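2 protein chains.
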Amino acid sequence: MARWDPRGEERLRTAAIELFLEHGYDNVTVAQIADRAGLTRRTFSRYFADKRDVLFAGSDQLPQLMADALQRVDPKIPPFEAVLHALTDIAPLLGDRVAEHAPQRQAIIASSPELQERGHAKFADAADALARELRDRGADESSAQLFAEVGVAIFRRGFSQWVASPEDTDLASRIRQAATQLSNAVPQRSN
Amino acid sequence: MARWDPRGEERLRTAAIELFLEHGYDNVTVAQIADRAGLTRRTFSRYFADKRDVLFAGSDQLPQLMADALQRVDPKIPPFEAVLHALTDIAPLLGDRVAEHAPQRQAIIASSPELQERGHAKFADAADALARELRDRGADESSAQLFAEVGVAIFRRGFSQWVASPEDTDLASRIRQAATQLSNAVPQRSN
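In order, the protein sequence lines correspond to chains A and B. To convert, note that position 88 of the first sequence is 88 in the numbering used here; the numbers rise steadily by one, no gaps. To convert, note that position 179 of the second sequence is 179 in the numbering used here; the numbers rise steadily by one, no gaps.
None of these hints come from the bench; they were simulated from the model. Hints should not be assumed to be uniformly reliable.
Chain copies aren't distinguished; within one or between two, either way the pair holds.
[Said to hold, decoys possible] Below, a list of computed lysine to any residue pairs in the SDA-like style, where the Cα atoms sit at most 25 Å apart:
| # | residue 1 | residue 2 |
| --- | --- | --- |
| 1 | K122 | A110 |
| 2 | K76 | R137 |
| 3 | K51 | L65 |
| 4 | K122 | A107 |
| 5 | K51 | D26 |
Because the structure is a prediction, the values reported are computed rather than measured.
Isolated chain A, as found in the complex (with noise of 0.2 Å):
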């Protein structure tokens, strides 16, 4: 019987992201991964519950990690700034846990249709937990959910671009960008 190894999630998940970078990830087998890690099937389900959790493991608590950093930013901050705050303080904390093998994951992701949709949930759940927690904030129903979709397209540009080259700089910076790049592009208040 396989013993608890402290790294088994570790040896699964680089044994599936080679075997999905190698063979393609529709073509991959979860025996084959466990193989790979040299661990059976049977540890291979007490981590994930299939291969596909494997890309996004933990991904699952993106919308309460974003809302609970949004429910502690001053209340006195207007909404959309808030959302701003939010992010960019949960920066750190992802940048860590994903770091290792960020452009691996993005680009068997993007490999797969299923795989997208995914991630196109994950991002929309992320945006109904921002805006239930603006709306609980006092902000009003139209403007709640528009500011948190526009805050997780801010979220997911600069993770993008943090991705491409995560040594430049940290992932709360290039959150700040985008969010710079959308403030020089809409038409300002006077208009």
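Chain A is fixed; fit chain B onto it per the hints.
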């Protein structure tokens, strides 16, 4: 044998929406929809691939419609404003097409995670199509995706507001209102 009936599609759609609202989307079969419309299953499959398609028929064209509209916008207009132009340009056409059952459709989609996922995927495709077109216009990679996604968020917000009371104003005005709402919330350039 059923004869060609130009109103077949509309009868099937009306029947489907009634049944979805009465019994819940998951509990309705294609046979029941055809039955309620007084048509055969074979006639149903002339118009729709499956019951989900009744709610999304036509929306597969949304990405191309948005991209084509963007292509028609004066190339001198900067990218983000060009997206807003394109979205308000297609609004009258979209408004006419979906006006009749729009509130019911939204309620049914909101009731089913499967339908919501399809909806998210549809808007993600629309953002990708806009981003491609922005790059063709010369926008850089990094701003193209961001502006496209924010444009789609504005469109969705305007659409929801319009669907809630279509008699109050037109879809294009609702999209412009959502854009203004965002302008007013985004930190200004001087900051």
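Here is how each hint holds up against the structure:
1. K122 / A110: both (15 Å within a copy, 16 Å between copies)
2. K76 / R137: This pair counts as within: shortest intra-copy Cα distance 9 Å, inter-copy 40 Å.
3. K51 / L65: Result: close within a single copy only, 24 Å intra versus 36 Å inter.
4. K122 / A107: both (17 Å within a copy, 21 Å between copies)
5. K51 / D26: within (10 Å within a copy, 27 Å between copies)
Going through the hint list in order, the structure satisfies each hint without exception.
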